[in-house]
Amino acid sequence: SNVLAEDLIFSGQRALAAAHDLLAALRDPQELCLDCADNIDSVRRACDYLTTFYARIYDDLYERVAAAGQPSAAWGTLHEGRSYPTSCDFICMVSPEMFEHAILPSLEKEMNFLDRTFFHLDGPGALRQSRNSGGNAND
Numbered sequence: 001s002n003v004l005a006e007d008l009i010f011s012g013q014r015a016l017a018a019a020h021d022l023l024a025a026l027r028d029p030q031e032l033c034l035d036c037a038d039n040i041d042s043v044r045r046a047c048d049y050l051t052t053f054y055a056r057i058y059d060d061l062y063e064r065v066a067a068a069g070q071p072s073a074a075w076g077t078l079h080e081g082r083s084y085p086t087s088c089d090f091i092c093m094v095s096p097e098m099f100e101h102a103i104l105p106s107l108e109k110e111m112n113f114l115d116r117t118f119f120h121l122d123g124p125g126a127l128r129q130s131r132n133s134g135g136n137a138n139d
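Here this note's numbering is used: position 25 in the sequence shown is 25, and no number is missing along the way.
A couple of the hints might just be wrong.
Derived DEER-like restraints, expressed as beta-carbon distance ranges [claimed, not checked]: (1) Ser95 with Asp28: 14 to 20 angstroms; (2) Ala15 with Asp115: 14 to 20 angstroms; (3) His120 with Glu63: 23 to 29 angstroms; (4) Pro124 with His101: 19 to 25 angstroms; (5) Glu31 with His79: 34 to 40 angstroms; (6) Ala15 with Pro96: 24 to 30 angstroms; (7) Ser42 with His79: 31 to 37 angstroms; (8) Pro71 with Arg27: 33 to 39 angstroms; (9) Arg27 with Pro96: 17 to 23 angstroms.
Straight-line C-alpha distance at most 20 angstroms; calculated EDC-like pairs for lysine to aspartate or glutamate [as the list claims (entries may be wrong)]: (10) Lys109 with Asp60; (11) Lys109 with Asp89; (12) Lys109 with Asp48; (13) Lys109 with Glu97; (14) Lys109 with Asp59; (15) Lys109 with Asp41.
Everything labelled a hint here was simulated from the structure, so no lab data went into it.
Beta carbons: idealized from backbone N, C-alpha and C, even for Gly.
Given only the sequences and the hints, what does the whole structure look like? Please build it.
This is the structure in structure tokens:
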């Protein structure tokens, strides 16, 4: 068979950190937990601000892959259109109330921007937040 390697290889999108994971990396996860306890509204505003960049960064990466005739490819999934697994490792470190107030709104914005997504729950600490995440994803 005359199958070329380029016909079998897909370019995946780079990892995109959720706003909260990015904040945790910038502040230190323990410091961000204290920020959530001391001033959760500031944490939410910071997350909302960082989330405004998500679509622009994603679109830049997506357009480069699409220009090469490639589908969305991330974590072993292939889809037409904007597709990416959403995750937030930081959610295992906060209470359900903090998650709902400061984190969930930004995650919903990220997920609703995409044509297809799933939420990656990273361990049992994250699983307890799943009852608050309601399923606003498109698929």
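Hint-by-hint comparison with the structure:
In this structure, Ser95 and Asp28 meet the distance hint of 14 to 20 angstroms, their C-beta atoms being roughly 19 angstroms apart. Hint check: Ala15 to Asp115, Cβ distance near 19 angstroms, so the stated range 14 to 20 angstroms holds. A hinted range of 23 to 29 angstroms for the beta carbons of His120 and Glu63 is consistent with their spacing of about 24 angstroms. Separated by about 22 angstroms at the C-beta atoms, Pro124 and His101 satisfy the suggested range of 19 to 25 angstroms.
Checking the proposed 34 to 40 angstroms range against Glu31 and His79 shows it holds: the Cβ atoms sit about 37 angstroms from each other. Distance hint for Ala15 and Pro96: a CB-CB separation of about 26 angstroms, consistent with the stated range 24 to 30 angstroms. A C-beta distance of roughly 36 angstroms is found between Ser42 and His79, which places it inside the suggested range of 31 to 37 angstroms. In this structure the hint that Pro71 and Arg27 lie 33 to 39 angstroms apart at CB holds, the actual value being about 36 angstroms.
A beta carbon spacing of about 21 angstroms between Arg27 and Pro96 agrees with the range 17 to 23 angstroms that was offered as a hint. A hinted pair counts as satisfied when its Cα atoms are at most 20 angstroms apart, and Lys109 with Asp60 qualifies at roughly 18 angstroms. Pair hint Lys109 plus Asp89 holds up; C-alpha atoms about 17 angstroms apart against a cutoff of 20 angstroms. Between Lys109 and Asp48 the alpha-carbon distance is near 9 angstroms, which keeps this suggested pair within the 20 angstroms criterion.
At roughly 18 angstroms between alpha-carbon atoms, Lys109 and Glu97 fall within 20 angstroms of each other, so this suggested pair holds. Simply put, Lys109 and Asp59 have alpha-carbon atoms about 15 angstroms apart, close enough for the 20 angstroms limit, and the pair holds. Between Lys109 and Asp41, the direct Cα distance comes to roughly 17 angstroms. Compliance with the 20 angstroms bound is thereby established for this hinted pair.
Hint compliance for this structure: no hint is broken.
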